[in-house]
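A.B. asks: As you go down the protein sequences, you meet chains A and B in turn.
With this note's numbering, letter number 43 in the first sequence gets 170, and the count goes up by one each step, no holes.
With this note's numbering, letter number 257 in the second sequence gets 516, and the count goes up by one each step, no holes.
Hints are not guaranteed to be accurate.
[As the list claims (entries may be wrong)] Label-pair restraints from in silico Cβ distances:
no.: 1; chain 1: A; residue 1: Tyr283; chain 2: B; residue 2: Asp675; range: 53 to 59 Å
no.: 2; chain 1: A; residue 1: Thr437; chain 2: B; residue 2: Phe318; range: 56 to 62 Å
no.: 3; chain 1: A; residue 1: Arg355; chain 2: B; residue 2: Gly386; range: 55 to 61 Å
no.: 4; chain 1: A; residue 1: Ala264; chain 2: B; residue 2: Phe318; range: 51 to 57 Å
Calculated directly from the structure, the hints in this document are not laboratory data.
Beta carbons: idealized from backbone N, C-alpha and C, even for Gly.
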Amino acid sequence: MSPRFRDMLLSIAVAVVLGLGASAALLLFLGRSPVTAYALLAASVIRDGYTFADIFVKATPLILTGLAFALTYKANLFNIGAQGQFYMGAIAATAASLVLGNRLPGPLSLVIVFVAAVAAGGLWGSFVGFVKAKFGANEFLVSMMSTYVALAAMNYLLRTALMETKHEYPQTNPFAPGLWLPIFLRGTRLHAGFILAVLIALLIWLLLFRTAFGYRIRVVGHNSDAARLAGIDSRGITVTTFFLAGALAATAGFTETNGVQHMLVQGFNPNIGAEGIGIAILANANPVGVIFASILIGALKVGGTIMGQTSGVPASIIEIMEGFVMIFVILSYFIRSGLEIRRSKKELRRAQAL
Amino acid sequence: MDSPFLEIRGVTKLFSKVVANRNVSFSVGKGEVVALLGENGAGKSTIMKILYGLYRADFGKILINGKEQRIESPKDAMALGISMIQQAFSLVSAHSVAENIVLGTVKGLLNRRAYERKIRNLAVQYGFNVDPAAIVRDLPVGVQQKVEILKALFQNASLLIMDEPTAVLTPQEAANLMDFVRRYAAAGNSVIFITHKLKEVMDCADRIIIMRSGEVRGILPRAGTDEKELSLLMIGHELPPLPDVSAGALQAREMLRLQGVSVRDRHGVFRLRDVSFSIQEGEILGIAGVSGNGQQELCEVVCGSRPLASGRIWLDGRDIGSLGIRERIELGIGYVPADRQRDGMVMEMTLAENMILKSSYSSKWQKRPFLDRSRIRHYATSCIEAYSIRTPGPDAVVRGLSGGNQQKVIVAREVDNGTRLIVFDQPTRGLDLGAIDYVHKTILEERGRGKCVLLVSTELSEIFALSDRVGVLYKGVLQGIVPKGELTMETIGLQMAGYSTSGR
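Isolated chain A, as found in the complex (with noise of 0.2 Å):
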């Protein structure tokens, strides 16, 4: 193992250790034993088939956030909409879903409804990134309050056109099972859609570091002067990367529609957005990273629950926990940079026998 990466592994055990310290610190604040609380924790993740498939669950739309936002950071571009793409493709996923019932072959409509997500949350996206190139907008701006309109959106659908025959609530009626993703692990909720995330994940891996395209997109994100002396469109990437992140979060919204909820309730998964840019920066923007940070918050989100519904210990103390674990693993970059030129010096010392 080489001495980086052994330092990388390192630095954000000591990150979540330290993470979880400061939390306890709070625990005791409440007058609650940090321990008997972290033992709940932990004992409540791994208590059964069940509750440890839920990880993964909810890994699944946060590896497609995170992405949405990771994918555009490579391009030096911020794309703060996750939420809304997600909810777009939420929204055509659903309409899909709806309109196709039982019509066709299951496996036929789910490419169909995955299909018009992508396309949902692709459009959604690729307008950010169309006024950013052509009138120079801030995407930081466009982005995050295009959210509110998709949320609008599918809040004023909730109530008209996809709601429930019941007109009880601002809800869809059930998707026909045949549109449900697929369970993999028998007893659980894991569905495919993990699958789907992880291997979107590592397409998007090759696609920035072993693709033409993905080449250009880092070399926008690094030097944009370079990029335009060399020829490179700057302003179509931008359109496409956005296009690529609307779709990415836009899957997310199908995995969890289709995957999860099998309909469309009106506010679901509200932090999905920001959490996604979070686990992005906790990844420093590695697609492969994305995968592993999501599981790590996936596993603070079901085993804070759990914790909360069994101890009484207020479940938003999970929320602070993975803030300061983001914190340190943050934190966690910068000393390791420092070991990595301290160790190279003292090699240079060494070898110059100084």
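Given chain A's structure and the hints, the job is docking chain B onto it.
C.D. replies: This is chain B only, laid out in the frame that chain A set:
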């Protein structure tokens, strides 16, 4: 005996991968001008940055007036009377001259009039023509440098460190600066100037400290040495002379032609006005001039990164005036930009990745759907060998390369991209002699292969050494083109200052 103003004893500085300074010791007396001479990467800037508190030494001591001092920040350095004028000026461009000069030394309410008067007096005292109320952004580089110097004088600096001070100046401005240096030192102050130009050293320094690979290789009084000895100490071996420029036979075919080319900037101001010339195959056209007179615009309009306001451009008989950058690259235009780190490369990427920067659309690097990485690495490796680029390998990040080696990466790439025309904008700025020599040889070789070369440089010696014909740009106007045999330093110097000699 009086202790010298500054004494550096046994300073060693390690960066993570290299020894930047090894056991460096020297002293600078009061009223003395010391030149710190060495190639790029010799450790000159590093030792000065340690002295100025920007870096911290791993070993060694710094003594000021015989007393050991810890200098941990520029503030500490300034308190000891040490001021440094860096290559990239540290001025706030939106602020006035006076505001920049008092920055960091004042608290509370500012009495602008009083400061401006004080600065004006200071400027007059040293013969600087600087208006304290002017906005820095509007000033030419030469004047901005004077502002930096005034800032140091305002802070009562008794040791002035100047990093490559003449790199941005005209010969006349440089001479003025040297006058100032002598006058300032005569008042009992000390000056260290960092340079790799031998001529300046011989003009101005009392003593010369030569550095090579992080170590002091010699400390010589100017009187007892000559340029030959200095260059030998500096590079460690003698440079072979350039091959005779007039050797290549001119061919008749016209490769690049500009007719009535004008360029305006964002504010509608002409940056180039009615420029016309042509270059043949196997010919080098040198464009001289003080920087900022339209040279960069000329290069950019040829390469397509700046639109034509009027006029036409032909490459090999084809009108390329309306083509985009990418199309022009594909037609065989190579461009070595002046600001290589900003415009020419991606510092965070590897050498191999930088080699395909301009040709990432080309199918030659593709093994669909992926990049052909082994082919790219192979190409990078062959360039490393052909240009003797000093690097751990094709996967090394270019940020870690020295300036000269970074430039070799760009030159290698652009020579291959520019199958018809290569545009060199300041190709040797900031490079050490060895690298300069290498770049010059490459330019002549490419000319020998029949390529057409547009060479922009503010170094007259470079223009003279390489060009077949020479033109001077002044305020965006081409002052007539002369074959090399017919021109003298004097006529060019006059044209650079705007005295047109054409039409006579």
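A.B. asks: If any of the earlier hints don't hold here, list their numbers in rising order.
C.D. replies: 3
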